[in-house]
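2 protein chains.
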Amino acid sequence: MAAPIRVDERDNVVVALEPVAHKVAARKIEAGEAVLRYGQVIGLAVRTIEEGEAVGEDMLDLPAPPPLESLDLESVAPQPLPPLEGIKFEGYLNADGSAGTRNLLGISTTVQCVAATVEIAARRIREEVLPRFPNVDDVVALTHPYGCGVAIDAPGAEIPVRTLRNLALNPNFGGEVMAVSLGCEKLQPSRLFPLIQGEPWVVRLQDEEYRCFGDMVAAIMRFAEKRLGRLDRRRRTQCPASKLSVGLQCGGSDAFSGVTANPAVGHAADLLVRAGATVYFSEVTEVRDAVHLLVPRCASAEVARALVREMAWYDAYLARGGADRSANPTPGNKRGGLANIVEKALGSVAKSGTAPIMGVAGPGERAAAPGLNFVATPASDFICGTLQLAAGMNVHVFTTGEGTPYGLAMAPVIKVSSRSALKEKWPDLIDVDAGRIATGAAAVEEVGREIFEFVLDAASGRRRPWADQWGLHNRLALFNPAPVT
Amino acid sequence: MAAPIRVDERDNVVVALEPVAHKVAARKIEAGEAVLRYGQVIGLAVRTIEEGEAVGEDMLDLPAPPPLESLDLESVAPQPLPPLEGIKFEGYLNADGSAGTRNLLGISTTVQCVAATVEIAARRIREEVLPRFPNVDDVVALTHPYGCGVAIDAPGAEIPVRTLRNLALNPNFGGEVMAVSLGCEKLQPSRLFPLIQGEPWVVRLQDEEYRCFGDMVAAIMRFAEKRLGRLDRRRRTQCPASKLSVGLQCGGSDAFSGVTANPAVGHAADLLVRAGATVYFSEVTEVRDAVHLLVPRCASAEVARALVREMAWYDAYLARGGADRSANPTPGNKRGGLANIVEKALGSVAKSGTAPIMGVAGPGERAAAPGLNFVATPASDFICGTLQLAAGMNVHVFTTGEGTPYGLAMAPVIKVSSRSALKEKWPDLIDVDAGRIATGAAAVEEVGREIFEFVLDAASGRRRPWADQWGLHNRLALFNPAPVT
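If you read the protein sequences in the order shown, they are chains A and B.
The first sequence begins at 1 in this note's numbering and counts up one residue at a time.
The second sequence begins at 1001 in this note's numbering and counts up one residue at a time.
Bear in mind the hints are in silico, worked out from the structure with no lab data behind them.
Please note that a few of the clues may not be correct.
Unchecked claim - Derived lysine-lysine pairs resembling BS3-like cross-links, with alpha carbons at most 30 Å apart:
1. B/Lys1425 to A/Lys226
2. B/Lys1334 to B/Lys1028
3. B/Lys1425 to B/Lys1334
4. A/Lys334 to A/Lys425
5. A/Lys334 to A/Lys28
6. A/Lys425 to B/Lys1226
Kindly produce the complete structure, drawing on both the sequences and the hints.
See below:
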């Protein structure tokens, strides 16, 4: 039996490995005393906790979140990490300077009304047209439930609109934009893509030239074929790591996530940042309680202010809906040994490694700064994944404790387990086992290096994560904080 | 050229038929004077409007909505419509007394995390298992973006939860419930379906018995096969019209919708109500401005109070999000000749016919009262359709002016055009042309009777609407007014 894990020497709780992940008191904790994990207060004991006793949610008072107004935003100047030179991958170079890790045709849609038609067309393209273009990996229909029946001018409506725009500009689509519109919808093509010029790129189903359903499907197929021809001529070439855009996320966290999978991903993030890549972590409700640890890592006061602005926006969004960040943890998180959102957050931000935070993007915005970024998103796995794709993500790293069969059509997803038992149970869903860190079989740096190599391999098409082997492709999930009508 | 259409003798605007639908002043209207259509004020003229001049949105001040607090809710006593005896259809009788118009296997999901897995399993069931059960029409995966990463205890969260519950109980699924759960999600199976007993009905992917992805898919297929066997033994039998549950909706309305398609549907609604069916209209933002016309039709003060309660809830929901009902009309509505939400609403409620309103259901609730019901939903086509399915809908009637290739997997959708030009343009998408009313080629009652007969035929499987012939099956779209986390 492996020794319990203490993360920080100040901690008075440790994580026992057996029989299941469990947080226990390392010494007697008096009623009212602070309970410390990661060297941080995760709660105040509501009663005396004996040494060795399991520490659950009901034994802790949830502390108030760090007050945003008292953070020192002005005097930050973290040191950059030493560069790692010469790291490359095999990608598809795009005209705008980005690079794809896949060669996909994306079919955008302005409105949900066209979704079923586009899905029928995409199926036919896949079956009848794609086989003639063997260098194209797949066709992705960007269908969604937005575009009409929504308050498109209400506060927050810019989020789903820019998300849909930036999804179409994801580097894995190679700059080949086409869209299907109905015609009478609120989200008109010119509003979705104000800057797109050139050859016709919109099939508008209500146009007079389409005289039956077959005409509509044929037009979508015709537009697609033209783009498939161009995409098919592309080949992978050596690209510098600066063209990687790697999104980090966790889903179904447990008490090990913060000491195995997330720190390993944090080490991979450091390597990627040092190699020149753009890397981002997200999930506002899972960083909110660690914001005081992140502000000092911001590269400038401007970045720190942007980080705090996103926290404040989300606080207000939740309050408006009658909720707060305590709505985040799930039954599985708690079963897995996480007492509350503070403990979950402290483990979650380990994914961000140690690099300075160079930029902050709002939900649906592109991550523009090379290096580590915070991309503000909800923690919902699918909304976070969708917003990271909009940010420009071309490789996704996803850690899980409880286990989830997650996958995306637009980018490879590398799944990292926090426990070896999960990798043993799901050998054909989990790509990397970080549970070896808990048992002492591997160091954080070792698993981190493995994830880093997997990112380069997946980006180069040399190695397919399990989700791709099964075709596990979850649908996009938009974040629309504005009302529907 | 047909004469312009005046709906009510008090009206000072009429709808011209040529060259496109256009609302014009029937006489000179002074600045500040009320502009009347359907005998109701649709706005105040912001300047003098000359006789024959087209009346657009910018020429009208939007009036305040009818104040809810001053409506007389207590003294209502509308007369019931005379019954129509002996109307029957051929349906699948269910144990709970309801009847299906289709014989479908529904696979419920508690959480978005299982969606991609369930879709892979559903595809395999359709290809490998369903051919052995020829009396079952199809397999429907009830996938959605809810269940975790959401504030599940926030105000309004009961709406998506009960929607998912009631979708699974739709009569077209024959009472055969099965669900796929991940395990660690917030929306646990016992919370989604507190009342389901009997044989195992949940496949929980995180259970120890599933040791790889193939195990998960095989388990879903095994659960499905058992239910397909029972569904396959069912046959259509004669059912009274009281087992019909018909949802009415409009999407992409134009100036004709309120004088052709919607009144024809209203006449069909009256026939269905007289035959004993449950019929419902919806779309809160499209009835809000006509609520003063609907309250006197409520069968009791209790029903009237429920109707007003739903209006007030939506007013508050929109206000909280920084919007109001004026966010509803689309560019297409305006191009189609609808000046504002008041005019749109007055045309929209024509679908409700003339029967007393017997009941009101909140979003996601089942419609329980035989006769005409108001089922509160947003006007968004897909959210409304999803909520009407949750209300128990087994036939859907959908009117459209601009045209939309709408369809649902769970129930037949009969599409009715407001203009003949649309039916001519899309002969293989529009099922019934109500534009003949505008040209004088058919009376409202005639087209209404035709829709009524189509409902009986579609419910009996004798006639397939176009959407089913193409497999145009839009995805479910949940209404979640609570925050995501």
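Check your understanding: Which numbered conditions among the earlier hints are violated in the structure presented, ordered from lowest to highest?
Key -> none
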